[in-house]
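Q: What follows is the residue order along each chain.
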Amino acid sequence: MHNPIRWMGRWSVAPALVLLAALAIGGPCQPAWSQDPQPTAEPTTQEPTAEAPGEPAQASAPEEAAALPEEAGTEATADAASGRSESMQWVDEHIFDLDRGWLLLVVLIFCGSVVFWIAHARSGRPVKVRKIAGLEAVDEAVGRATEMGRSVLYIPGIQDINEIQTIASMTVLARVSRTAAEYDAKVEVPTSRSLVMTTARETVQAAYLSAGRPDAYNQDLIYYVTDEQFGYVAYLQGLMVREKPAACFYMGAFYAESLILAETGNSIGAIQVAGTAMPAQLPFFVAACDYTLIGEEFFAASAYLSGSPEELGSLKGQDMGKMIVGGLLILGVILTTLASATGSEVLQHFVDFLTQNVLT
Amino acid sequence: MKRTAPLLIASIAGFVMIVAYFIPKTQTWGEDVSVWFDILAAIAFILGGGNLLRVQLKKISDRRPGWGYALITLIAFVVMLACGLLKIGSHPNEQYPAFAWSGTYNQTGTPFWWMYEYLIVPLQSTIFAMLAFYVASAAFRAFRAKNVEAILLLGTAFVILLGRTAAGVFLTDFIPSDVLIENPTFLQHLVSTLRLENLTVFLMDIFNTAGNRAIMIGIALGTASVSLKILLGVDRSYLGSGED
Numbered sequence: 001m002h003n004p005i006r007w008m009g010r011w012s013v014a015p016a017l018v019l020l021a022a023l024a025i026g027g028p029c030q031p032a033w034s035q036d037p038q039p040t041a042e043p044t045t046q047e048p049t050a051e052a053p054g055e056p057a058q059a060s061a062p063e064e065a066a067a068l069p070e071e072a073g074t075e076a077t078a079d080a081a082s083g084r085s086e087s088m089q090w091v092d093e094h095i096f097d098l099d100r101g102w103l104l105l106v107v108l109i110f111c112g113s114v115v116f117w118i119a120h121a122r123s124g125r126p127v128k129v130r131k132i133a134g135l136e137a138v139d140e141a142v143g144r145a146t147e148m149g150r151s152v153l154y155i156p157g158i159q160d161i162n163e164i165q166t167i168a169s170m171t172v173l174a175r176v177s178r179t180a181a182e183y184d185a186k187v188e189v190p191t192s193r194s195l196v197m198t199t200a201r202e203t204v205q206a207a208y209l210s211a212g213r214p215d216a217y218n219q220d221l222i223y224y225v226t227d228e229q230f231g232y233v234a235y236l237q238g239l240m241v242r243e244k245p246a247a248c249f250y251m252g253a254f255y256a257e258s259l260i261l262a263e264t265g266n267s268i269g270a271i272q273v274a275g276t277a278m279p280a281q282l283p284f285f286v287a288a289c290d291y292t293l294i295g296e297e298f299f300a301a302s303a304y305l306s307g308s309p310e311e312l313g314s315l316k317g318q319d320m321g322k323m324i325v326g327g328l329l330i331l332g333v334i335l336t337t338l339a340s341a342t343g344s345e346v347l348q349h350f351v352d353f354l355t356q357n358v359l360t
Numbered sequence: 001m002k003r004t005a006p007l008l009i010a011s012i013a014g015f016v017m018i019v020a021y022f023i024p025k026t027q028t029w030g031e032d033v034s035v036w037f038d039i040l041a042a043i044a045f046i047l048g049g050g051n052l053l054r055v056q057l058k059k060i061s062d063r064r065p066g067w068g069y070a071l072i073t074l075i076a077f078v079v080m081l082a083c084g085l086l087k088i089g090s091h092p093n094e095q096y097p098a099f100a101w102s103g104t105y106n107q108t109g110t111p112f113w114w115m116y117e118y119l120i121v122p123l124q125s126t127i128f129a130m131l132a133f134y135v136a137s138a139a140f141r142a143f144r145a146k147n148v149e150a151i152l153l154l155g156t157a158f159v160i161l162l163g164r165t166a167a168g169v170f171l172t173d174f175i176p177s178d179v180l181i182e183n184p185t186f187l188q189h190l191v192s193t194l195r196l197e198n199l200t201v202f203l204m205d206i207f208n209t210a211g212n213r214a215i216m217i218g219i220a221l222g223t224a225s226v227s228l229k230i231l232l233g234v235d236r237s238y239l240g241s242g243e244d
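Heads up: the protein sequence lines correspond to chains A and B, in order. Each residue of the first sequence is one higher than the one before, counting from 1 in our numbering. Each residue of the second sequence is one higher than the one before, counting from 1 in our numbering.
These are computed hints drawn from the structure, not numbers from a lab. A couple of the hints might just be wrong.
Keeping only pairs whose Cα atoms sit at most 20 angstroms apart, straight-line, the calculated SDA-like set for lysine to any residue is [what the hints assert, rightly or not]: (1) B:Lys2 to A:Ser210; (2) B:Lys25 to A:Gly238; (3) B:Lys58 to A:Leu221; (4) B:Lys59 to A:Thr226; (5) A:Lys186 to A:Ala216; (6) B:Lys58 to A:Gln219; (7) B:Lys25 to A:Arg100; (8) A:Lys186 to B:Gly66; (9) A:Lys244 to B:Lys59; (10) B:Lys58 to A:Gly238; (11) B:Lys25 to A:His94; (12) B:Lys59 to B:Tyr69; (13) A:Lys322 to B:Ala210; (14) A:Lys186 to B:Val55; (15) B:Lys58 to A:Arg100; (16) A:Lys244 to A:Met148; (17) A:Lys244 to B:Pro65; (18) B:Lys25 to A:Leu103; (19) B:Lys25 to A:Asp97; (20) B:Lys59 to A:His94; (21) B:Lys25 to A:Glu86; (22) A:Lys186 to B:Pro65; (23) B:Lys58 to A:Thr226; (24) B:Lys2 to A:Ile334; (25) B:Lys25 to A:Glu188; (26) B:Lys59 to B:Ala70; (27) A:Lys186 to A:Ser151; (28) B:Lys58 to A:Tyr217; (29) B:Lys87 to B:Ala100.
All chains, full assembly: derive it from the sequences and hints.
A: In structure tokens:
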């Protein structure tokens with residue numbers, strides 16, 4: 001039986017990539033050196049306007065822009081200023097937002113590399129992934145809780161299930177729950193969103209089922225507390241201090257509560273594993289927890305824990321994305337340095353094009 | 001079917017959001033998907049409230065340790081809900097004075113408003129204020145000079161903290177600043193950077209930003225990768241085991 005999602009993904013990606021790449025390349029503003037001079041426009045020496053600083057073609061905007069209706073004035077002027085033909089303007093208004101062309105191209109290159117490496121891994125070639133200490137520590141943490149006869153506390157962040165970090169958290173929860181089921185440990189999951197509670201229940205139930213312990217699953221241990229950020233924190237602090245769980249997992253989106261939770265867990269001597277993609281909260285977790293999954297490590301958890309070639313292949317695709325970003329960074333640095341050192345206008349135009357079109 | 005339907009819904013919703021971002025004509029589709037999520041989340045409130053009541057009532061009936069807290073939670077929940085839903089103490093809207101319930105639930109002076117202003121807000125502030133103490137204890141542990149890295153961290157933190165206070169400015173006030181010089185030389189600029197307030201800015205802008213951006217790039221790529229796997233149905237772990 002074919003999985004419709006996989007079928008859809010497999011057969012829709014390639015043509016979509018080609019079509020959208022064509023639109024992306026054809027869409028964005030052209031750099032100054034690739035544009036023909038405007039034959040009908042009066043040569044002017046005006047400075048670039050504040051609306052679109054540094055737009056290369058602004059000094060020679062065609063006169064049609066002035067004749068356009070007032071209600072469409074700003075957009076039409078921008079289109080005209082960028083040297084778009086009427087047909088391209090029509091495309092911009094009806095078919096594709098040309099200002100987002102470069103973003104689409106970047107997305108397509110990245111998604112293409114992920115899809116390519118997934119297909120590559122499917123062909124049976126081994127993919128090596130380095131050890132992630134935080135995920136290796138799951139067994140240790142749950143084992144410790146079992147030995148001490150105490151519970152495991154799992155906190156999936158304070159955002160709803162539409163947040164990608166919460167979804168990633170569910171993957172780690174599945175692993176923690178399966179390990180807990182195997183060790184006969186108790187996992188408690190207080191949530192701050194009811195949809196997260198429902199998803200967590202499904203996840204934990206499935207984990208107990210896959211561990212061969214469906215009878216040990218207790219849905220009352222996964223419950224809703226409150227949507228209020230600090231109300232939730234107050235409840236968790238009280239729970240930690242009263243019940244003293246042996247292991248605490250903080251996986252998901254956290255804000256100011258990260259340090260409050262991690263320090264409370266530290267004070268009760270729990271082994272703590274955290275994972276988040278909130279850069280501002282990472283230092284707090286690093287300071288107070290035993291293991292921390294930093295940003296992309298947290299997102300790699302799903303692939304790492306499942307061990308399936310398809311998912312591991314996606315990590316390889318991510319690495320390709322990093323290489324592309326790294327290459328662009330180096331290119332940008334070299335070009336900017338050369339443009340500054342030599343005073344070359346061509347290089348400066350290229351740098352301006354990169355920063356004002358590709359990177360915005 | 002139990003897993004295929006959610007997968008399809010997630011995929012379609014995700015692709016619609018992407019398409020809506022790039023194609024102007026479909027922008028409203030993306031907004032519709034967001035509205036549908038809001039509707040689901042609103043319905044889930046009932047689910048959450050029901051679960052809260054059930055869990056707390058069970059705690060009380062079982063006389064479990066800490067059941068007193070459950071009682072307080074229950075009373076607070078019911079009272080707040082009643083005040084909000086029934087609009088107790090709320091005056092009718094001036095435009096519709098004949099309709100008793102036309103006023104808003106959070107009007108100034110209502111019991112709901114009073115509980116929010118004088119109970120919830122102070123309690124939230126109290127919990128938030130505790131953060132200051134936790135920062136101190138975490139910093140004390142993190143900044144112990146155990147090895148070279150920890151010493152570097154300690155030194156950097158010292159410079160940053162000092163540079164953001166008046167004492168930092170005062171301590172390095174003798175170093176000439178290049179702010180008032182019209183065209184400072186490289187050496188003048190270098191010397192000026194040694195002032196603590198400038199050193200703080202330098203550390204934050206160069207080292208901190210570089211590290212932060214590296215993490216941000218990793219997060220962005222990770223987010224895109226996970227999203228793609230979910231949209232294509234490669235990652236189904238959030239739906240439980242692989243068995244239908």
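Q: Each hint: holds or not?
A: Comparing the hints with the structure gives:
Restraint check for Lys2 (chain B) and Ser210 (chain A): the C-alpha separation of about 17 angstroms stays at or below 20 angstroms, so the hint holds. With a C-alpha separation of about 51 angstroms, the suggested pairing of Lys25 (chain B) with Gly238 (chain A) is violated against the 20 angstroms cut-off. Using a Cα cut-off of 20 angstroms, the hinted pair Lys58 (chain B) and Leu221 (chain A) holds, with the two alpha carbons roughly 12 angstroms apart. Note on Lys59 (chain B) and Thr226 (chain A): the hinted pairing holds, with a Cα-Cα distance of about 17 angstroms set against a maximum of 20 angstroms.
Distance hint between Lys186 (chain A) and Ala216 (chain A) is fulfilled; the C-alpha atoms sit about 9 angstroms from each other, no more than 20 angstroms. Pair hint Lys58 (chain B) plus Gln219 (chain A) holds up; C-alpha atoms about 13 angstroms apart against a cutoff of 20 angstroms. Pair hint Lys25 (chain B) plus Arg100 (chain A) holds up; C-alpha atoms about 14 angstroms apart against a cutoff of 20 angstroms. A distance of roughly 19 angstroms separates the Cα atoms of Lys186 (chain A) and Gly66 (chain B); the hinted pair therefore holds under the 20 angstroms criterion.
About 18 angstroms separates the Cα atoms of Lys244 (chain A) and Lys59 (chain B), which keeps this hinted pair within 20 angstroms; it holds. For a cut-off of 20 angstroms, the pair hint linking Lys58 (chain B) to Gly238 (chain A) stands: about 18 angstroms separates their Cα positions. The hinted pair formed by Lys25 (chain B) and His94 (chain A) meets the criterion: a straight-line CA distance of about 6 angstroms does not exceed 20 angstroms. Distance restraint check for Lys59 (chain B) and Tyr69 (chain B): the Cα-Cα separation of roughly 9 angstroms lies within the 20 angstroms cut-off, and the hinted pair is therefore satisfied.
Restraint check for Lys322 (chain A) and Ala210 (chain B): satisfied, since their Cα atoms lie roughly 15 angstroms apart, inside the 20 angstroms limit. The hinted pair formed by Lys186 (chain A) and Val55 (chain B) meets the criterion: a straight-line CA distance of about 17 angstroms does not exceed 20 angstroms. Note on Lys58 (chain B) and Arg100 (chain A): the hinted pairing is violated, with a Cα-Cα distance of about 54 angstroms set against a maximum of 20 angstroms. A threshold of 20 angstroms between alpha carbons decides the hint, and for Lys244 (chain A) with Met148 (chain A) the separation of about 11 angstroms falls inside it, so the pair holds.
With a CA separation close to 13 angstroms, the supplied pair Lys244 (chain A) and Pro65 (chain B) stays within the 20 angstroms bound. Among the hinted pairs, Lys25 (chain B) with Leu103 (chain A) is consistent with the structure: their alpha-carbon atoms are about 18 angstroms apart, no more than 20 angstroms. For the hint linking Lys25 (chain B) to Asp97 (chain A), the alpha-carbon distance of about 9 angstroms falls within 20 angstroms, and the restraint holds. Proposed proximity of Lys59 (chain B) and His94 (chain A) is contradicted: the alpha carbons are some 58 angstroms apart, above 20 angstroms.
Of the pairs offered as hints, the one joining Lys25 (chain B) and Glu86 (chain A) holds, with about 18 angstroms between alpha carbons and a cut-off of 20 angstroms not exceeded. As the CA atoms of Lys186 (chain A) and Pro65 (chain B) are separated by approximately 17 angstroms, the hinted pair is consistent with the 20 angstroms bound. Between the alpha carbons of Lys58 (chain B) and Thr226 (chain A) the distance comes to roughly 17 angstroms, so the proposed pair stays at or under 20 angstroms and holds. Taking the CA atoms of Lys2 (chain B) and Ile334 (chain A), the gap is about 53 angstroms. The hint is violated against a cut of 20 angstroms.
A hinted pair counts as satisfied when its Cα atoms are at most 20 angstroms apart, and Lys25 (chain B) with Glu188 (chain A) does not qualify at roughly 46 angstroms. Pair hint Lys59 (chain B) plus Ala70 (chain B) holds up; C-alpha atoms about 7 angstroms apart against a cutoff of 20 angstroms. Between Lys186 (chain A) and Ser151 (chain A) the CA atoms are separated by roughly 5 angstroms; this keeps the pair inside 20 angstroms, and the hint holds. Proposed proximity of Lys58 (chain B) and Tyr217 (chain A) is supported: the alpha carbons are some 18 angstroms apart, at most 20 angstroms.
At roughly 9 angstroms between alpha-carbon atoms, Lys87 (chain B) and Ala100 (chain B) fall within 20 angstroms of each other, so this suggested pair holds.
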